[in-house]
Structures are given as C-alpha cells and as structure tokens.
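**Q** Chain B: place on chain A using the hints.
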Amino acid sequence: MAAVCMHVRDQLEALVDGELGDERAVEVRGHLADCAVCRAHHAEASSLPSRLAAMSSPEPSPALLGGVLRRVQRQRVGPLGLFGPLAVEVVLSVVALWYVSGINGLSLLVQRTAADVAAMAGWGVGAGDLPDPPAGDVFLLLVCGLLLVTTLYHLSLLSRQGPRLS
Amino acid sequence: MQADQALAALRAHPGDSSGADVLARAARGGDLDAFEALVRRYQRRVYALAYQHLHDPDEAQDLAQEVFVRLFRNLERYDPDRPFEPWFWRLAANVAATYRRQRPASAVELPDIAAAPAGGSEDALPLARALADLSDDLRLPILLHYYLDLPLEEIAGAMGLSLSAVKSRLHRARALLRRLLVED
Numbered sequence: 001m002a003a004v005c006m007h008v009r010d011q012l013e014a015l016v017d018g019e020l021g022d023e024r025a026v027e028v029r030g031h032l033a034d035c036a037v038c039r040a041h042h043a044e045a046s047s048l049p050s051r052l053a054a055m056s057s058p059e060p061s062p063a064l065l066g067g068v069l070r071r072v073q074r075q076r077v078g079p080l081g082l083f084g085p086l087a088v089e090v091v092l093s094v095v096a097l098w099y100v101s102g103i104n105g106l107s108l109l110v111q112r113t114a115a116d117v118a119a120m121a122g123w124g125v126g127a128g129d130l131p132d133p134p135a136g137d138v139f140l141l142l143v144c145g146l147l148l149v150t151t152l153y154h155l156s157l158l159s160r161q162g163p164r165l166s
Numbered sequence: 001m002q003a004d005q006a007l008a009a010l011r012a013h014p015g016d017s018s019g020a021d022v023l024a025r026a027a028r029g030g031d032l033d034a035f036e037a038l039v040r041r042y043q044r045r046v047y048a049l050a051y052q053h054l055h056d057p058d059e060a061q062d063l064a065q066e067v068f069v070r071l072f073r074n075l076e077r078y079d080p081d082r083p084f085e086p087w088f089w090r091l092a093a094n095v096a097a098t099y100r101r102q103r104p105a106s107a108v109e110l111p112d113i114a115a116a117p118a119g120g121s122e123d124a125l126p127l128a129r130a131l132a133d134l135s136d137d138l139r140l141p142i143l144l145h146y147y148l149d150l151p152l153e154e155i156a157g158a159m160g161l162s163l164s165a166v167k168s169r170l171h172r173a174r175a176l177l178r179r180l181l182v183e184d
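Here the protein sequences line up with chains A and B, keeping their order. The opening position of the first sequence corresponds to residue 1 in the working numbering, with each subsequent residue numbered one higher. The opening position of the second sequence corresponds to residue 1 in the working numbering, with each subsequent residue numbered one higher.
Isolated chain A (complex conformation) (with noise of 0.2 Å):
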C-alpha cells in the first residue's frame, strides 16, 4: 500500500465526521477520485455509522423482568432475618460483660490476656509449655469469636439490602 494511501485511510473518519480542515479534506478527496481501493473505504467509512445505528437485535424474552424481580425478591430479608442476629450479638456481648465484669479492673484484664498470648507464643516457639489458661479464659474467647462471626454475617446482611423496599 502506498504511504499516501495509508495517511488518507487514517483520516476518513475525521473527514466522514467534518473534522478535516478544508484544506486536508480537498487533498483527500482529490486523492479519493483516483484510487478506487481508498474510495472503497471510504465508503464503507461514511456508511458505518448509519449501519451500527440500524443493526438489528432480537426483542428481550418476557421472562427478564420476571427473572430481575425474582432475584432481587431474593435479595430481601425479612425483619426476623435482618433482626434476629442482632438478639444473638446481645446476648454473646451480655455474657462477654458478664465474665469481663468479674476481672478486677481493665489493666487486670489486659494483663491476663498479654500473659496468655505470650505463654501461646513462647508454646509455638518451643519456648515452652503448652499454656493452660483458666476454662473461663477460654469461654471468653469462644464468646468472642461468636460475636465477630455473628456481626460480619449480620454486616453483610445488611450491606446487601440495597434499598429499602416498602
């Protein structure tokens, strides 16, 4: 292909939209009176925007609304599921309040905590024993983790409700 063919091809859709200055679009189409190959593209240049917006497609089957209400029906949660993690989450935070309540003092409570991750770690490094915290420390921990369970799945819930729906 010549080089002047391939500069006027990168400029027929500007001159097919009139964004050719008149100069330019004088060359151009001088070019295009004789060479039949451009004035092919051409063509097809000027053409396409009408054939993209004409292109047909087939109607949308009546089952897609039905099938968009069916899924974002799902999406709801009624008020016992929205609501009734968060009795759970009251209940696990009473009972970790509850056994905290019985420690003598926040620095009391960090410092048996700090003792028992250390023991834990200086287990997983072979520094030493395997610790044996007091069962209540453990059931502290259990409650704990319930509770965090309980609230990322009641966040996500939540979070998936999108709007309220009346």
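Since the hints were derived computationally from the structure, they do not count as laboratory data. Remember, it's a predicted structure, so these values are computed and weren't measured experimentally. Where a beta carbon is used, it is the ideal one built from N, C-alpha and C, also for glycine. Heads up, a few of these hints could be off.
[To be verified] Simulated coverage check for chain B against chain A, where a stretch passes if three residues somewhere in it have a Cβ under 8 Å from a Cβ of chain A:
no., segment
1, 33–44
2, 84–91
3, 146–159
4, 171–178
[Said to hold, decoys possible] Derived DEER-like restraints, expressed as beta-carbon distance ranges:
no., chain 1, residue 1, chain 2, residue 2, range
5, B, D136, A, Y99, 50 to 58 Å
6, A, E27, B, E153, 25 to 33 Å
7, A, A36, B, R101, 37 to 45 Å
8, A, L155, B, E153, 35 to 43 Å
9, B, R129, A, A40, 16 to 24 Å
10, A, G18, B, V182, 16 to 24 Å
11, A, A40, B, D149, 21 to 29 Å
12, A, A114, B, R101, 45 to 53 Å
13, A, Y99, B, D137, 51 to 59 Å
14, A, L80, B, D136, 39 to 47 Å
15, A, Q73, B, E153, 30 to 38 Å
16, B, D137, A, A40, 21 to 29 Å
17, B, D137, A, S93, 47 to 55 Å
[Said to hold, decoys possible] If you only want the chain A side, here are some residues facing chain B, beta carbon under 7 Å, derived:
no., residue
18, E13
19, A36
20, A40
21, E44
22, A53
23, S61
24, L64
25, G66
26, V68
27, R71
28, V72
**A** Same frame as chain A, now just chain B:
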C-alpha cells in the same frame, strides 16, 4: 405515593429522561413498583446492548438481568440530584465489560453470530463479526453512541473518560471496523 407520581410522570413523558429521574428517586427510596417501571423502561435497550456485546441471546438475557440486579443493589449510591441515565449507562457499561472478561475464552472467541435476528440487512453478519473482533474498550463506546444513540458527553461520563478520549476511541473503532469490512 412516590410510585404513583413516578408512573404518572412516565406516562406523561414516555421518552423524557426526567421521568427516569423521578422513577430512580422513588426506587432509591424503596419503591419496588418504581424499580419495576425502570426495568420495563430500559429492558429493550439494555438487552440490545447486551446482545450486540455478546451475540448470544441466552447470555445477553443473563447480562441484562445482571445489569438490573446491580442497579437495584447500587441504587443507594445514585445521587438523586443528578440525571439518572449517565449514571445508569456507566453502571451498565461496567457490568457489560466485567461480564465479558469473566466469560470462558471459548465463548468470547465464538460468538453466536448465527443467532442474528431475522430481518437484518444482508451485511449485518460481517458487521456483527467485525464488531465481535473489537476489544471491549472500543466496542462499548461504539454501541453506546451509534447503537443506543447516547451523546458523547454521556458516554464520557459513563466510561470515566474525557470527551476527546471518547472521540478518539470512536474514530479508532470505526477505522478498525472499516478495515475489517473492506478486507472481508
């Protein structure tokens, strides 16, 4: 109440995008009737976009559903002080691009061109094939502008591009289509 107003607005101005704004605001407030009216209003255009993007009626149906489900999930993010359509087409374009990226490679390479609807012109198949050969970032602006007749400014907003970038993509896409069609 909101739904009644929205539906009345829609009936009064069926082609008016402000009707869509009213519906979107009502749907955002939790009105399922308004959401249904929005789906009815846009389902043909969304399905047509999906069909021309994928060339598979079943997948197009699936993609169109996905667009509306994502619309529902994201309605709270819609700013009711702004026009609904650019925001909606932005979401639709994103879902369409993501959907195609997640398809198996074989499905992307073998679009169901034979399923082109009857009644299309004789050169519809080469054009559909050429369109399928374009990358998503060139095909979507073409479909949004020439097929769905969205203004360039809306496409720029929908695709997060500048106006000049949209024009440049349209020129590049048309040049590629033209070459594919002439050489076909």
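**Q** Checking each numbered hint in turn, tell me which of them this model violates, lowest number first.
**A** Numbers 2, 19, 25, in rising order.
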